[in-house]
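Engineer: Using the supplied hints, reconstruct the complex from the two chains, each of which is provided in its own coordinate frame.
These protein sequence lines map, in sequence, to chains A and B. The opening position of the first sequence corresponds to residue 1 in my numbering, with each subsequent residue numbered one higher. The opening position of the second sequence corresponds to residue 1 in my numbering, with each subsequent residue numbered one higher.
None of the hints are false.
Each computed BS3-like pair below joins lysine-lysine, with the alpha-carbon atoms no more than 27 Å apart:
#1 Lys122(B) - Lys199(B)
#2 Lys160(A) - Lys242(B)
#3 Lys162(A) - Lys199(B)
#4 Lys202(B) - Lys162(A)
#5 Lys160(A) - Lys267(B)
#6 Lys160(A) - Lys202(B)
#7 Lys160(A) - Lys199(B)
#8 Lys242(B) - Lys199(B)
#9 Lys242(B) - Lys264(B)
#10 Lys33(A) - Lys181(B)
#11 Lys267(B) - Lys181(B)
#12 Lys398(B) - Lys388(B)
#13 Lys192(B) - Lys162(A)
#14 Lys160(A) - Lys181(B)
#15 Lys264(B) - Lys162(A)
#16 Lys160(A) - Lys264(B)
#17 Lys242(B) - Lys202(B)
#18 Lys33(A) - Lys150(B)
#19 Lys267(B) - Lys162(A)
#20 Lys181(B) - Lys162(A)
#21 Lys388(B) - Lys366(B)
#22 Lys162(A) - Lys242(B)
No wet-lab data here; the hints were simulated from the structure.
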Amino acid sequence: MPPLFPVTLVLHSVACTLYLVHVLWRAEAPNQKLGLVAWIVLALAFASQAADIAWLCMRGLHPVANAREAVFFGAWLMCGAYLAATWRRRLPVVGALVAPAALVLDVATRLVPSQEIAHAGSTLGTLGMVHIALATTGIALFGVGAGSAVAYIVAERRLKGKRKVVMGAGASLETLDRLNRRCITLGFPIFTVAMVTGAMWAAQLPGVGVFTPQYAIATAAWLLYAGLLLLRLLAGWRGRRAAFITLAGFVSAATVMMIYVVRGAA
Amino acid sequence: MSRLCVIGLSHRTASVELRERATIPGTELPSTLARLHAVPGVHEVMVLSTCNRVELYAAVADESAVPERLRAALLLGRPHAAELERALYVHEDQAALRHLFRVASSLDSMVVGESQILGQVKEAFQLAVDAGTVGVVLQRVVPHAFSVAKRVRSETEVARSSASVASVAVELARQIFGDLKNRAVLVVGAGKMGDLSAKHLKAAGVNDLHVVNRSPGRAEELAARLGGRAHPWEELDRLLQKADIVLCSTGAPEPVIRRDRVEKVMKVRRGRWLFFIDIAVPRDVESEVGELENVYLYDVDALEQVVATNLEGRQREADAAGVLVEEELQRHLEHEQALGVVPTIKLLRARFAEVAAQEAERTLAKLSSASERDRQLVTQLAESIVNKLLHTPLSQLKRETQRAPSSDEMAALTRRLFDLHTGLTGSHDAILDDEPQADSAEPKRGRSNS
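Just chain B, same shape as in the assembly (with noise of 0.2 Å):
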């Protein structure tokens, strides 16, 4: 029997120089997979590995030594392993399954509700799918891990606002202009966080790029990689009037954009909106800026404050979405204890399946004269007295193992009671749902509700 264990360190235990001396590049993940699949009693593995956290998600034998070797061979080789396995936690069972949902729906990332983790956890699923370190186990918790994730996503809040300054910058800019595709961008500068920002505009449908820097070489080569226009500084006050959003991220000490220049770009622009990103620090628009009609203005203090508002909004609903993760949580365990007494109801089945068709044999030979038909009869008699005798006993052990968390108890019993040794093999679920029925000599197929 597996069961399901969680290795690895996350922003939560480490801080950001050990987790870069932690990830795995992507080139090293196959043969990473391999080397923990070949761990004694790990019957699958799949490696989650972002800058955010590194992680490995098994399938192990009920052996305790087994999450310990999988700690050493995770740490093989590693620079400063001592320092890395400080920050190493494990989970297991119920804990680990409940991590895996957490960390699917993002309600463990640093920034709660981001979307970029459910991808990853898919891309490292497929991976170790593809590397084929993936079995029964993990073949039933991360796709159920996924749907949790789609869960929480669809019926809470917990991504709906915007977490970033770049992002929030592009949803004022939406919030003003509505469709950005037809819009015009003045990049003044070229610092790292301009760049940035200007492509979360490009993301955003923005096409009508331009870049204004005191070192032209800087504005050209910023101006190739967004796949916008370079432009000399003197050219400033004529860009301005033409930009609806204006994206100011230079080194200057003071203010390079001031309330009477804007004033007078204003008139010339007969009014239309202008709205003014300034992630430059010191800033690069003066404050008066934004009590000029029609005009927009958001520093970086301004930005961050929505970010953080933003952010505590996503942590209220990440509250609401930690129950949901517990419901889900609830509805797989109780899946999988079920799951557990599935061997029991097979033997049971066969055995008495076993004994309907000595019986109708016997029945059959004594009466030399009947029919075709006649002998079709009497095995459906013999099965279906079989269902029905079957019916209540085998709901009842369902019901109980679903109910008590003692379920093995109760399986075990049944097989003392009806001497039931010879194991088997076949899908679970489908026996779940396949059930006797009283009231029909044939059994009712359907598919599991979980």
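Just chain A, same shape as in the assembly (with noise of 0.2 Å):
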């Protein structure tokens, strides 16, 4: 385990439990100064975790050394697109489901134990080295754009249900669907050259083949983000449909690692 693993966990429950405060505790009259607070904490874990892949790089297992080791950088990696993404506005709403789902990823990756040994570079070669990085970078990305996308429908809805309205009550609609767009924009192309270096290094391995069912799923899930973008573009779609086509593409993104996870597990 990473010597800072424990202080990481710490920091990041924390920031979890001031983020779940902010929005669902005092949902009514928000706390601006909790949200600061709750950011600066997760950027604190986002620095120590920093510190605990650098120490693992040293001995070998670096990133992309295996799934859970690409796992535990995706969850680092989406943290950071969120702390970057808020750097001048702070979105608490945002943070609430980032910050646990990268905390739920990072202890997951420590429990699930690693079968892949370290220097795993020399087995998968570069393209798989680069597949790896590059689709975890993507699924980060998304990531965030999907902890908007849920965001915005929360708040949507809210707004359509005509509820109590309260003054600063978080973010707008249209920054939500500002910040989603910016992360999908941002992850797609990182995503596609993912798919093309993954089609590429499986067809280099023998007895794997492009036609798995990850695969399958990885071209759903690109197909979801390009033709959204496509309709973000041409026809001008936005708001609550940009926001389900992006959890939809999510999953299926996140499944796929998934599903490496397990297997590198089992």
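Structural biologist: Laid out in structure tokens, this is it:
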């Protein structure tokens, strides 16, 4: 286990608690300071996890050494993407979704026993490593997009349902939709290259082939995101529809990753 | 000795018609203050006149007739005086202080938690200060009321939610669009409510405002007032395609904006969010419009429902704020009680200092060969003994004063014991902190914590 993992875990848990308190307990009158404190604590957790990733790298367990480390790295990237996207304008409502998801992934990856041995680079090859790194980065960005999509759906339902309106109650619909669009726009080309390198790598591996269930699900995710970007561009799609497609795409992409994690542990 | 007293009427005791008659115009306030200040037994006075209350806060002599004289002076020359008198209330001492704290904290307002009242109390206080009708008592209690109000606003949620249709509309727009600075607002119709809500949106930062009305003259007039542009009614569809927020307040008997119309508009808008605020009765926007994607429709009922829910929440918070006010009231009363014993403390210290000085003088007269340094040491020794001797009884006196309401008895007993008669003046707060220290020859100086 990485040396700073307990510290990361504690910081991450504190950040999650603060975000959830901000969003649930004080839903009727959110405290902006609480959102800022949560952001800072999450940033500290991010820094601590970065040190752990560096420590793992020095021992040969780099982020793409196996599926477990890739997920650990992905969770870290997801937090980083959220922190970067909310550097100027905090969106605690998205943090309340992203931070717990990343925490669950962190804990899950450390609980899963690693069957794949270090220095996997020699077995993966450059193509495999590039594929895993890009796929992980793409999915991490989709994860933040999915967080903003969920926040959008909840906020929109609240507005359509004409519920209680309070001063400064979190992010506006437009802000959430913008974050969603940016994450997908940035994540899609990365994921596309990951798809291509994945296909090339699979074709090289003896007895694997491109036409696997994982690849089919990943293709479905890619098609959903491609369609979404196209419809956003050509038909002006935005809002709830975009949020639902983002969620569907993320579930597909994350499923592929989970399949690899479970297989790695088996 | 002065007592605090409040005489007035408010939305709780008087109808709006009566309040209108009682209101003192701003131009008359200085002369009213001077007239009330001239009433025998009135030491200080401040007048608060708003649309929901007319009250005077006064520091008066401890005579039962003074509040009655103030009542009469307040009603003097006013039409319907008998009716006004029935609506008047009088609060004295602790009740008056509680009332002031609650008024400044907006807990006694018609819309609990509204922010205007604090500014109005501040203005009233400043006016009284300028008129020279404020003294020690009001200088102490009114600023404390400001700090109580600040605490209530920062420590409770009493003022967090929007409490008017216009402010709810603005808040909803913010929840859809975020910053309203570069948003286009279309005002459909020239109704009074639309005018008010548009002003709120302008105040929230909107700078692109358009008005469309069946009667071009009224559209021009409203546009000029709001700093927007007027358009003929025929341009409604084109304007709907561009606007982000549509504020409807026509007098039309049937909806002027129907679902099919908005559907067409939304196609051109490529799904851009559109927010309808329909404050017209009968409604201007068909309710089915709200079912369309990325279209949000709030009519008067929906807006008022939000306001009512928010007000319920404020009322719940007002209970918590009430506890806070009581806490502050208690603190203030304790401080006031402590101040009551200050003249006795001053006299006692002066008496002891006098004795010490005399004894030091006598001793030094016998020490003819003493150097300047020795003389200083003897004087310091005498002062030090006095300070050490006084430390415990003075601390005890202050403690007892804060604990027991019958502190006057304790002070009276002390004066009798030490035969203290001479009157003294000076800063009470300084005396409370200027306590002789048992372990030091020099008295410790500091600030009062209340």
